[in-house]
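There are 4 protein chains.
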Amino acid sequence: MKIANDTAILLAHCPDAKGILHAVTDFVLSNNGNIIKLDEHVDEDESHFFMRVQWELSDFNIPKEKIGEYFETLIGQKYEMKWELHLSSSKPRVAIFVSKYPHCIYDLLSRYESKEWNIDIPLIISNHEKFQGLAERFGIPFHYFPISKDNKKDQELKEIALIKEHNIDLVILARYMQILSHQMTEAFPMSIINIHHSSLPAFAGANPYKAAFTRGVKFMGATAHYATVDLDEGPIIAQDVFPISHRDSISDMKRKGRDIEKIVLAKAVWAHLNHNVLIYKNRTVIFD
Amino acid sequence: MKIANDTAILLAHCPDAKGILHAVTDFVLSNNGNIIKLDEHVDEDESHFFMRVQWELSDFNIPKEKIGEYFETLIGQKYEMKWELHLSSSKPRVAIFVSKYPHCIYDLLSRYESKEWNIDIPLIISNHEKFQGLAERFGIPFHYFPISKDNKKDQELKEIALIKEHNIDLVILARYMQILSHQMTEAFPMSIINIHHSSLPAFAGANPYKAAFTRGVKFMGATAHYATVDLDEGPIIAQDVFPISHRDSISDMKRKGRDIEKIVLAKAVWAHLNHNVLIYKNRTVIFD
Amino acid sequence: MKIANDTAILLAHCPDAKGILHAVTDFVLSNNGNIIKLDEHVDEDESHFFMRVQWELSDFNIPKEKIGEYFETLIGQKYEMKWELHLSSSKPRVAIFVSKYPHCIYDLLSRYESKEWNIDIPLIISNHEKFQGLAERFGIPFHYFPISKDNKKDQELKEIALIKEHNIDLVILARYMQILSHQMTEAFPMSIINIHHSSLPAFAGANPYKAAFTRGVKFMGATAHYATVDLDEGPIIAQDVFPISHRDSISDMKRKGRDIEKIVLAKAVWAHLNHNVLIYKNRTVIFD
Amino acid sequence: MKIANDTAILLAHCPDAKGILHAVTDFVLSNNGNIIKLDEHVDEDESHFFMRVQWELSDFNIPKEKIGEYFETLIGQKYEMKWELHLSSSKPRVAIFVSKYPHCIYDLLSRYESKEWNIDIPLIISNHEKFQGLAERFGIPFHYFPISKDNKKDQELKEIALIKEHNIDLVILARYMQILSHQMTEAFPMSIINIHHSSLPAFAGANPYKAAFTRGVKFMGATAHYATVDLDEGPIIAQDVFPISHRDSISDMKRKGRDIEKIVLAKAVWAHLNHNVLIYKNRTVIFD
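Protein chains in written order, with the numbering used here: chain V, 1 to 288; chain W, 1001 to 1288; chain A, 2001 to 2288; chain C, 3001 to 3288.
Treat the hints as calculated values from the structure; they're not laboratory data. Given the structure is predicted, the values throughout are model-derived calculations rather than measurements. Any given hint could turn out to be false.
The calculated lysine to any residue pairs, modelled on SDA-like cross-linking and capped at a C-alpha distance of 20 angstroms, are [unchecked claim]:
hint	chain 1	residue 1	chain 2	residue 2
1	V	K281	V	D43
2	W	K1130	A	E2116
3	W	K1037	C	D3045
4	C	K3037	W	V1042
5	W	K1153	W	F1188
6	V	K18	A	N2032
7	W	K1254	V	V42
8	C	K3254	V	S114
9	C	K3082	C	G3205
10	V	K281	W	R1247
11	W	K1254	A	S2114
12	W	K1210	W	D1252
Chain V regions said to be covered by chain W (calculated; three or more residues, Cβ under 8 angstroms) [as the list claims (entries may be wrong)]:
hint	region
13	41 to 55
14	196 to 203
15	233 to 246
A virtual CB, placed ideally from N, CA and C, is assigned to each residue, including glycine.
Please take these sequences and the hints and turn them into a complete structure.
Structure follows, in structure tokens:
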């Protein structure tokens, strides 16, 4: 799927009921929208309806700035929908938080610079100076906020201000080794993606590779999830796993884990940037 | 690997030291044993040595019944080894515990009857009568021990007696839906294999599919492990995983899970039957 | 997903056009059908539309035997649709062909007898007598048709007659080691599922494990596909893979392969039995 | 496993015979070498022996420059061994060939610059100017050799000269979109690693994603192999696969494939750099 240039993307979910899909497609078609992608899902266990519909705006009768209002009036309120509307013409603005591990930040910057992702990265924030030079070489302003027990709250407030000032759509924690406090996660709900180096809920918290080694598991993994107030408990966007055996030392597990971490993080970011993610009851529906 | 017909299999582990491998191979070779398979492993994090060596007995100078004594005297005590010696000529004797789920018991009996596994199954034990007919059709004595809160201890004692009476080498819990009490797990240490329907340590305990659905994970799995006094905490022998998405209902997860469960259980049983498993600090080394 | 008891399942595909989905859902809803599952897919590379819709028949205005006619008249011909209509009330009738390998036949019969699958198996056909006893123990008539170069055509004609006589919906080749001639594959188009013991198109033809060993690949697999006139070239329904290494002998590969073969075959059969499969240009769309 | 600093690594293979392992470990131990890693493998189908042994050189009795001579005299010739000796103290020198795809070259340079790999990259060679700026930013000399039908042979001769002049140990084809001629592959046997964007032997040659789409497979993959005179036929070092469905367009497959390609290539390079690879009859033994 490409990020098309002049389309609307509607993400919506509501209690399941007869005729929802029909009503939404009718809204688009009767106003001369050309649907280019439609996905729907009914969670049978929860009796809940989810959909993503993308349509071309070139001949659409409702002006861009009015689509949301019309949709809510004609469809949304009737079905008690929660919905978001996105325009593919707007280029996502991304901030990266990083500490000292290079694999994720390098991978993200590579995708950015090589135009694999069509995004802007107006800032990189770090609690270490290590990647200042890297940021500069990729032409991205680098903001150094050293974190201590005492200054954490204040430093975060500055970071929040910076993120707001730059109209950031998505914050990526690229193995950022600080636990965000509630003020941060609450300021950007479902807009901060973290990568955890285990297959959650297994081995939440610190040092999962050591814990996995001790438990003697035969698979390890990585999990990309939205950061919420509950550490490692936010909605999971993407996971992947890899087999391990007695032949893998902790060092081997870390090495193999790095490759999975960066790929899983990128997969989650891609899903978010393409507006493929719906969230309901701490679970995600990922339309791909 | 086939279960060869007249070979000795030595499983051993000890603190790592210079020359262990050399000493063991010397023991075999200098007594005219022909090594047909040798695997060794050094756990670098623990500095611990593991090995499995299998050799033909036809021209071996030490008589079968003396190999253990000689090995301990000449090698074992020197290196503070823990070791087991197995003769491939002895056919493993297996007992199966089952409740009401058919997928694992059918799979095990199929492998038995079709000679995929060269084993004897002298008894099937169940807390339900459901599979009595099945057992009879496969020609295996079926023992029905209904379990209640009150009779559990006594029924288990009868089961233990039966297992001992039949010289059982391995007990397989084929989705046996009772928690074994300590008297049982302690009676047959590292000789009871359980299949748990999640990728442990994630979703230990009851109803892992519901828990996984609620957490919104993108992978589920199954784990075969030795049953110990700590529920779902014994050494893991085999695991496998499968991807799930929002499209999978709990019912879909159960359906897909059944296929993984029976395959993972069989994989673990195979490893045990072929004496490929070494245990150290609640972890397994699986030589395959 | 369960095989619901009184529903209609419509599988349809046609060149993509505006409003198809809308038209089909309108057909169901306006006639008082309650949609319980809807999946659609647009192949963007081919600009082709696919859908599967399942709805409850209890209050549906059009009588069962007229649904097809009405659908064709009102919707099908307009969009140049190819479509099939299935009623979940009809129990699928399955025939199994087998030679000498036990793993797939045992697995299929286990799923049948344990009611994992709600099907009838009125006949097992084999070119060997090996599984006569097995069939009898599962209460299924066994038909022995030894095949030689000379009698193949005639024996197949008898098999075809038998299949037709028993109104078979699906023929499963459970590692049947004979190549079907054109008269057979043409008699039952897209109704014969074969399991091939490699990840097609790699290692088509005889002895894929030996070929894989020689080529030194690091993954092997299994492929379930519809049997067509072109050997190993029919539409692929399901595949799975497993890692191999230098430690795997050909015998190890065969052992691991057996487990994958039976699971992949079962997965494909499940998809077919639940009417989840659409075929277009030798490719499948599998709605799950 | 880390690339230790003063160790010898011996890779050897020979027809299987009694006592080889014993003889090699004896060679090391009796000369006061401390074995830190030992792997051995017997290919039972071929009756061929493989081993990798790594030992510390600090107290080793035989001087570095004489180890090879002594080993050949005392052990190698006796068992008709093919063997290589590597010193971990020597830093591998790597050349990268690239055309226009960014994902592999970015990934390789990231691992280099972040010290994930302890290597030197004295040159990047390309038939396009696209990555000149990138190479310069990473401080690596960039050599532009445009290739046409007419100049190919001459340009390759210049490239060969450059590689020899820089004492390159490994050439990585990072999605280099030119077929190397025989003079090139023969100049650097088992020293050129290519990444092919399919799970070989499936979909060899050009445009595997299109071919996979047309065939309707349910898995795609990537293969890293040594480049030999036979295109896409060299010994396979690493492979990985990913599931695809009808929902994946060719564009989706390419996107997902890129992530697998770069990881598989890196995995193969890691194995080569750590001297974990043995080759026999166009197959690899990978000790990890």
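Now the hints, each set against the structure:
no.: 1; hint: K281(V) x D43(V); result: holds (12 angstroms)
no.: 2; hint: K1130(W) x E2116(A); result: holds (15 angstroms)
no.: 3; hint: K1037(W) x D3045(C); result: holds (13 angstroms)
no.: 4; hint: K3037(C) x V1042(W); result: holds (8 angstroms)
no.: 5; hint: K1153(W) x F1188(W); result: holds (16 angstroms)
no.: 6; hint: K18(V) x N2032(A); result: holds (10 angstroms)
no.: 7; hint: K1254(W) x V42(V); result: holds (18 angstroms)
no.: 8; hint: K3254(C) x S114(V); result: holds (15 angstroms)
no.: 9; hint: K3082(C) x G3205(C); result: violated (32 angstroms)
no.: 10; hint: K281(V) x R1247(W); result: holds (15 angstroms)
no.: 11; hint: K1254(W) x S2114(A); result: holds (15 angstroms)
no.: 12; hint: K1210(W) x D1252(W); result: holds (11 angstroms)
no.: 13; hint: 41 to 55; result: holds (count 5)
no.: 14; hint: 196 to 203; result: holds (count 5)
no.: 15; hint: 233 to 246; result: holds (count 8)
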